[in-house]
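In order, the protein sequences belong to chains A, B and C.
Here our numbering is used: the first residue of the first sequence is 1, the next is one more, and so on.
Here our numbering is used: the first residue of the second sequence is 1001, the next is one more, and so on.
Here our numbering is used: the first residue of the third sequence is 2001, the next is one more, and so on.
Simulated from the structure, these hints should not be mistaken for laboratory data.
Since the structure is predicted, the reported quantities are computational estimates derived from the model, not experimental observations.
The C-beta atom is built at its ideal place from N, Cα and C for all residues, glycine as well.
Hints should not be assumed to be uniformly reliable.
As the list claims (entries may be wrong) - Listed next, the stretches of chain C that the computed footprint assigns to chain B, with coverage defined by at least 3 CB atoms under 8 angstroms from CB atoms of chain B:
#: 1; segment: 2026 to 2034
#: 2; segment: 2044 to 2055
#: 3; segment: 2224 to 2233
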Amino acid sequence: MPVLAFLGRRLAIFAISLVGASMLIFAVCSALPGEVAEIILGEGASQAQIEALTAELGLDRPPVVRYLEWVGGMLHGDFGVSYFTGQSVSGLMAPRIAVTLWLVLFALLLSVAVALPVGMLAAMKRRSWQGFAATAVAQLGMAVPAFWAAIVLVLVFAVGLRWLPANGYIPLTTDPVSWAAHLVLPVTSLAIVQSAVLVRYVRSAFIEVLSEDYYRTARAVGWRPFPALLRHGLRNAALSLVTVVGLQLASVLVGAIVIEQVFALPGLGSQLLSAVSQRDLMIVQGVVMFLAASVLLINFLVDLSYAWIDPRLRTEAER
Amino acid sequence: MVSSPTAAVAPRRRLRWAALVAATMAVLTACVGQSPTAPTQEARTLVVGASLEPPTLDPSASPAASIPQLLLYNVYQTLVRMNEQGELEPLLAQTWNVSSDRTVYTFKLNPAARFASGTPVTAEAVVTSFDRIKTENISAPLVEQMTVVKSTEAVDEHTVKVTLSHPSNLWLYDISSTAGIVYDPAGLANLGTAPAGSGPFVLQRWNKGQSVVLAANPDYWGTPSRLDLVTFRYFADPNAMNTAMLAGDLDVISNLQAPDALDQFGDTSRFTVMDGTTTGEVVLALNNARSAFKDVRVRRAISMAIDKKALLDTVWNGQGSLIGSMAVPTDPWYEDLTAINGYDRAEAKKLLAAAKATDLSLKLRVPTTAYATKSAQFVESALREVGVKVTVEELDFATWLNDVHNGGNYDMSIVAHVEARDIRRFTDPDYYFHFDNADFDKEFEAADEAPVDDFVPLMKKATRTLATDAAAVWLFALPNLVITKNTITGVPQNAATLSFDLSAIAKR
Amino acid sequence: MRRLGLYVGAALVTLVVAMALVSLFWTPYDPTLVVAGQRLQGPSAAHWLGTDAMGIDNFSRILVGAQTTIVVGVVSVGIAAVIGVPLGMLAGQARGWVDEVVMRITDIAYAFPALLLAILLAARFGASPVTAMTAIGLATIPSFARITRAGTLQVMRTDFVLAARASGIRWPGISLRHVLPNIAPLIGVQASVTFALAILAEAALSFLGLSTAAIVPTWGKMLRDAQTVMFNAPLQAVWPGLAIAAAVLGFNLLGDGLRDLLDPRLREVS
């Protein structure tokens, strides 16, 4: 039962956070200067024309009404329609979510896959040249702007060697091989920086473990360093690592927006940038709400995993 | 740059990592090798790189230049068309004549003309399309261009009579572009996503955020295109477009947005570079409502302080044309007016001193586009040299449109006026230039209403008046820098309209 | 070798700060005055690092760029730490509904992508380093709050805090005497990471055209400009790229080095 109560409470908090985020997003978008009617009508539109179109789009109604309508629609999966084309926002977002999702997912997986072994190596061998080299590489990786790495990768592999396409996107269902080929460079560019950042946290977390009594005890009773670290350290280091990966998610999403730009990927980031520039605020709100909800969902899951990883916190949370 | 995969597989065991990496690479390369990046009928497909995606596919719903770039003459057609020299030619109308008082135009439609839906292009369709601009919520420049039309009538199935409220030479030019598009009346409801035109191409697919694919219209009434599929790929980042071209993913760059990158395409065995003209005048707008700019000496001084040739060389790699007034080389009335209020720093200082404007401090508010921000940097330095303090502010385009263009909240601004024949904007004292010169207004009106033979000389006079009175500072006209693979022919050199005209393009 | 990182980091940071200080008083040429007819020159005796596409001396712009970099970093970290650390300590110690409210608010703020903040600020107030650093600062508050809270939770579980609480010391005292000193290394690392992050974020925002007005030289803006001339003048990209990498590396190494130095448990292990 306590587990259910805990879950219920977390869910309630998650829901309240969603409502808060939606208000914040709506408020910030409404504060933007520039009107969509002006942009649609273009230079030289008369004030009367602008007002007529604003009324036609329903933008002359009070903000509270528009907010409630927007939120009400979202509860039914309706994110509203684009001011420019009248297409449904959820329909416009769907193919773009796929692009960003693949990019972020693979980048996170790749960076964890790289960072975990390298970070553990850096922690265990931190006084030998291997550890030093691992740390140095990570430090250098972190010091490079992601878009810069992306551009260099494009120059080498697309323009120079012509092994991979320079940019663009092919949906998985159209052609899986081409889909993969188009994702290799963006995912790699995004993962370079992320894995470098992760290495540093993995290293810190495991250095911490190395000083803990249970690790020393394990070593004293004859465990070899690496198995000891895996057996006893991983679970303990996981707490801070889960936090970090959770924290990283937002920066991976931001990184994805930049990378989408370099590789001309039709993801949520490029949709956001172009919608903001056109003041198609229904799309802006939809995309940001989706991104915010995703991050909140991950936070929710991270919270749950805390409780799972650290029994002490679970009992406290249940109290 | 990177050693070949086989070379990396060295005989020593230490290099296991290198071998692994090399193997991965080899697999990747193999995958790419199999990928059908080269379609079977490659010779009849074309991939065009363009910079801005259309916000909608309805040319009457938004003034975005990306819409006519994609659709005008390709999917949609007009009664008359403008060729790349800026001359009018028949298109949907085979012939036309003008009444002696020059207010009634009679167009004879080509009886063969058909919409892509199969229905014939009739006089009724023209009437519906023209009347629509008066009744619906239509993009403002179109409304403005069509206000002169009093009535449009269908005389018979293939004859249209358009009555103007006063003679206008410009009107015929205007209807060669977006304002004159003849829509299929059956398709008016969904123009935003489903174009309904009579051109050689139809919309096949719009991959939002990425590309628009046009397919040859199988039942096209005129000379069919030599292409089956044309993809317009959109790149928010100009450098991404350049690298795609260098990597061989594009056949054409419709207009290079970063002229400094021109050298990248210097390999003449792969690329052809075409340097033509556009209708985009990059204007340093002076807010004539500000007291400082009411004095013509100050306006002239600002113009004289700026070395436009040096600006063009610095900002746009010397590509583009120096114009000196609100006309571009494809306008029939264009002449080189760069000498009027041309660069003379000493004279500029004198004029400022004479106007007692020696401690001017001005806000230069520009949209965040490359030509504007770079020009702003040059202008700031140039004016600093004559003692005018300039503060540069960059605004995103929507804010700029709202605050500067519509709100008039600025001292100076820089923007490219890409519409053709937008010299008329200077007749409107409410337009953001707030320029008001009765002589110019009269000259412009006289030119527009004059008999055809007097039109061009009178326009020259009006254009010259504008330059002499320093209504603004004309920095340069944007170039039409088209990069094509060597296998592509028939790309128009000049963009006399906003269309990227596909009709003559072929691939070897 | 253990302190090599610290020394290298300190040296790089000192270099950046020195460049910023020098540029306040002196640069070889005017860093904003466009000079026609000397675009994209290579390094020479007159222009050590050559000139950029507007004919401006690159070395002067790199020097002045250090100023912007320092300011962007300090302001961003300042905003984030001043708001984030107290929030995190409050949440970690008070627990219960206070914790819940504070953390949910930071969660919501955190779920709001930093870049969107920058886009909106740039749309509202124009693109400038000020909007960039405000956005970066605000967006990193939640990370500070979370890291601080996590650290506080750990400290609060330690025997000496339990003893202190048992002996009747109230939470402000515990905060200052026990929590803050113990989580200081954590915050130090976070601050150094954020400083480095701010430099990178500014570069990313510049790349998207959201950070700088053309006149103000920043390294991110220089890097963006260099991109279009990558083939004909690759050196243009090298200078700001090196500057950014050096500064980021410096702050990261400094943070790590300080952490190792300050953390007593680590000293014990070594």
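Per-stretch coverage check for the segment 2044 to 2055 of chain C, three Cβ contacts closer than 8 angstroms to chain B: Coverage by chain B holds for the segment 2044 to 2055 of chain C (3 residues, Cβ < 8 angstroms).
Chain B over the segment 2026 to 2034 of chain C, status - at least 3 residues with CB closer than 8 angstroms: That given contact holds, which follows from 3 residues of the segment 2026 to 2034 of chain C lying within Cβ reach (below 8 angstroms) of chain B.
Chain B covers the segment 2224 to 2233 of chain C, three or more CB atoms within 8 angstroms, holds or violated: holds (count 6)
Every hint, counting from the list given before, is met by this structure.
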